[in-house]
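Engineer: What follows is the residue order along each chain.
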Amino acid sequence: MVTNVMVVGVGGQGSLLASKLLGHVVMTKGYDVKVSEVHGMSQRGGSVVTYVRFGEKVYSPVIDKGEADYIISFETLEAARYLEFLKPGGRVIVNAQEIDPMPVITGAATYPEGLLDKMKETGAQVDAMDALDIACEAGSPKATNIVLMGRFSKYFDGITEEEWMKSLEACVPAKFLELNKKAFQLGRDN
Amino acid sequence: MSRKAGYAMKELMLGNKAFARGLYEAGVSVASSYPGTPSTEVTEEVAKFDEVYTEWAPNEKVAMEVAFGASLAGKRSFCGMKHVGMNVAADPLFTVAYTGVNAGMVICVADDAGMHSSQNEQDSRHYAVSAKIPMLEPSDSSEALNFAKQAYEISEKFDTPVIMKMCTRVAHSQSLVETSERVLPEVKTYEKDIAKYVMMPGNAIKRHPIVEKRMDDLRAFAETTDLNRIDEGSDNAMGFITSSTSYQYVKEVFGDKYPVLKLGLVHPIPANKIKAFSEKVDKLVVVEELDPVFEEQIKAMGIEVSGKDILPILGEFSQSLLTEKFGLEKKDTCSALEGLPIRPPVMCAGCPHRGMFYTLKKNKCTVLGDIGCYTLGAVAPLSTIEMTLCMGASVSSIHGFNKALGSESEGKTVAVIGDSTFMHSGMTGLANIAYNQSNSTVVILDNSITGMTGHQQNPTTGFNIKGDPAGKIDLEALCKAMGFNRVRVVDPYDLAEADKVVKEELAANEPSVIISRRPCALLKYVKHKPSLHVDRDNCKSCRACMQIGCPAISFKEGKAWVDNTLCVGCGVCQQLCHFDALLTPENEPKTVLLPPDKAVIL
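Residue numbers (the numbering used here), protein chains in the order written: chain P, 8 to 197; chain U, 647 to 1248.
Think of the hints as simulated: they come from the structure by calculation, not from any bench. Note that beta-carbon positions come from the ideal geometry of N, C-alpha and C, so glycine has one too. One or more hints might be untrue.
[Said to hold, decoys possible] Computed Cβ-Cβ distance ranges for the label pairs, DEER-style:
1) Asp737(U) to Glu63(P): 23 to 29 Å
2) Gly62(P) to Asp1181(U): 51 to 57 Å
3) Glu120(P) to Glu878(U): 45 to 51 Å
4) Gln1193(U) to Ser147(P): 53 to 59 Å
5) Tyr162(P) to Ala1024(U): 50 to 56 Å
6) Lys64(P) to Asp1120(U): 26 to 32 Å
7) Pro1231(U) to Ser147(P): 29 to 35 Å
[What the hints assert, rightly or not] Computed list of lysine-lysine pairs in DSBU-like fashion (alpha-carbon distance at most 35 Å, straight line):
8) Lys1126(U) to Lys1008(U)
9) Lys1010(U) to Lys72(P)
10) Lys838(U) to Lys919(U)
11) Lys72(P) to Lys1008(U)
12) Lys1010(U) to Lys795(U)
13) Lys173(P) to Lys1202(U)
14) Lys72(P) to Lys1173(U)
15) Lys1007(U) to Lys1149(U)
16) Lys188(P) to Lys1007(U)
17) Lys1126(U) to Lys125(P)
18) Lys694(U) to Lys64(P)
19) Lys903(U) to Lys1008(U)
20) Lys921(U) to Lys1010(U)
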C-alpha cells in the first residue's frame, strides 16, 4: 500500500522544501519513500509539481492520473490543474491565494472563477485556507508552504506533532527554524 | 502507521547527491563539470567534500579534458554534463576511448526525456555505442551511489573511461541510500607512455584494435556482472528487458508477475544472457525510453522482440503509459476541469533581461537567442527572440545571417547571449565576427551568474564553485582584445540609456558588443527596493506597464495592481508609465540608475 501526495504550486513558492519535509518525516517512520522534483526552466514562475510516495515498497518516482491520495496546492488554479491526478474522493489542501499566470496578465485569458466550488463538485474533499495570511502572521509570506504542511499534518494520526517538528529541524536552516515552526503550528491549529 | 525495520538507518537522498556521495566514497580526487539540468547537483554536491578538488569549467569539452588530465596524472577523476553537453565534449570522448585511462575516470551524462529543461531529447546511449565506451545506468539513488563506485573499478580494470547515464527522474528523485566511508584507491603514478597517450595516426592505429579487444572483454564481463540481474516472475507468458526509471515503471505496473532482466550495464549488453532469457519467456518486450537502442541490438542478435511497436519513441514513460499500452484497466480519476489558463515559466520580477528585451522589441530588432533564462524572451508578451539552437549559436549565426543579407539585416539584427553561455562557447563565434568582419551587434546579457541551472559561478563572476574568490575575466577587455572597437556597457534597468546605446550600435558601421550588465535579481547579495504600489487615481488603465510581462503587475478592477510579494522595486515599469501611477513608497528614493561603468554590483 503506497500513499501518494502531490505538492503543486507556482515556481518559487517553496514546493521543494515542503516535499522534503514530508519525505523526511515518513522516512523516520520507517517507510520506503521516493520524492520526485522538477528543476530548471519550469521553476521560473511556471507550474511546478513534486511527488511524494511512501509505503512498504515504492517503485515509480512519479504519481499518475487517478493515483494521488492528497494534493497540497500553494495556489488555487494549480490545485484545479492537477485535479485529474486525484483518486476519486481524494483530498485537496489548497491555499486560497490566486496568482495570475502570464496569459491572464497579458489579457489573453481570464482567471477562472469559482474554482473551489468546481473542485468540490467533482467529489474531491477540498480544504481551502488563507495560508498566505497565516504565514504573514507567523512572520513571513515565504512560510506559506509550511503553513500548508501544518494543515496537511492533521490528516496523519500516526505522525506526532513532535515528529513533524523534528523533521522541520532537519530540513530547515537554523535561522528560519522558529519562523517555520510557528507557521507549521498555525497551519495545524487553524 | 507501521514501522519497517531496517529503513531507519537509511538516508533519503537526491539521485544526483547520491551519485556525488558515490564519487566521494570511491576516492575521487578531481571533478570538473559544466552545469546543465538535470546533471548540475552531482558536481555541486561533490564540491561540498573538501577532499575532492571540484570546479566549474567554462564548458563540457574543457571539463572532460581536465578530468582526463587528472586521470593521466594518476588520480580518480570525474566530469559531469547534461546530454547536449556531451555533444560539446564529443571530441575528447571519442579519443579518450583510444588512450584509455591511468586512474579511473567517470563521465556523467544526464538525459532529459520529456524535455523538462532542454532543447532536445537525444538519447546518450548512442554515444556509448559509437565511442565504444562502457555505460552504466542506475534506476534510483541507491544504485547511483553504488554504481558510481563500481564504475571506477570497471574503468581501472578495463583501462577505459566509463559513462554513467542519469535521467531526470533518477537525477531529481530522492530515495533511500546507505552510505559508507571514503576508501582511497591504490596509488597510481604518472608514467610517460607516448604510444598510449599521443594519439597521432601511427599510435592511434595500434590503439584501435585494443579498443575492440576491450569491448570483447566488456561483453564477456556483461554476462557475469551483478550490474545486470534477473527479477524472477510467476508467469513466463511475457518477459521484460529494461533499465533505469523504465524498470521502476515495469515493476510498478506488473509487480513480480513477469520476469524482468534489468540492465545496469547498458553498454555493452549481455548477448548470451539476453538469449537465455528470451528462450524462457513466450513474449520478450524491451521497455526503454527514447530510442530503440537495446531493441535494435537484440534484433541484430536474431532474437524476436517487441518494443517500439508497443511503446513510444517520444518523451518520458510512466506507470499510466505502460498501463495503457499493455491494455490494462485504467484507474478512475477525479474529473479534469477544462479550459484552465496555462502557466508557462516567465522571467522573474526584477529580472535584468526584461529591460533589454523591451528595448530590442521597441527597436523592432531581429533577435537571435541562446541558451539560458533569457530564452524566455521568446515568450509573450515580449516575444522578442526568434531563434535558439544551442550554446553559443546566437553569436555564430548572426555572423552568417548578416553575411547572407548584408545591409538588409545588419542595422536591425542582434545576438543575445548570457555571460556564462558566452564563456562556454560564445567567444569563438565572436572571434569569427572579429576575424571575418560582419557588421554584427552582440548583446552579452551579463547577469553575473549562471542563472537557469540555479546560480553557478563562471569565469566572469570572480568566484569559484565554493564561493571563494577566483580569477575574473574582464568581458570588456576580452572583447577589445579580439579587435572590437565598440564595446558598450549599459544598465538594462535604465530604459532611456539602453535605447540610446542599442540605436547607436545598430547604426555603427562596424561590429560591436553591448554588455547589458545587472546581476540576477535572485542573487542573495542583490539588495531590493521596496515594492511599488499603484495610485489608482493616477492610473489611466493604458496598460503601458503591461508590455514588459512582469509577473508582479496585473490588472485588478480595471487598474494596474502590483503584487508586493513579488515586486522588487526595479523601476522598469515606472519608466513606461506616463501618469506617475506606479509609486515608490514614501520616504524612499526613486530607483537610482547607476552610471554604466559602475553598474556591476548594487
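Engineer: Provide an ascending list of the numbers of those earlier hints which the structure does not satisfy.
Structural biologist: 1, 3, 4, 5, 6, 7, 9, 10, 11, 12, 13, 14, 16, 17, 19, 20
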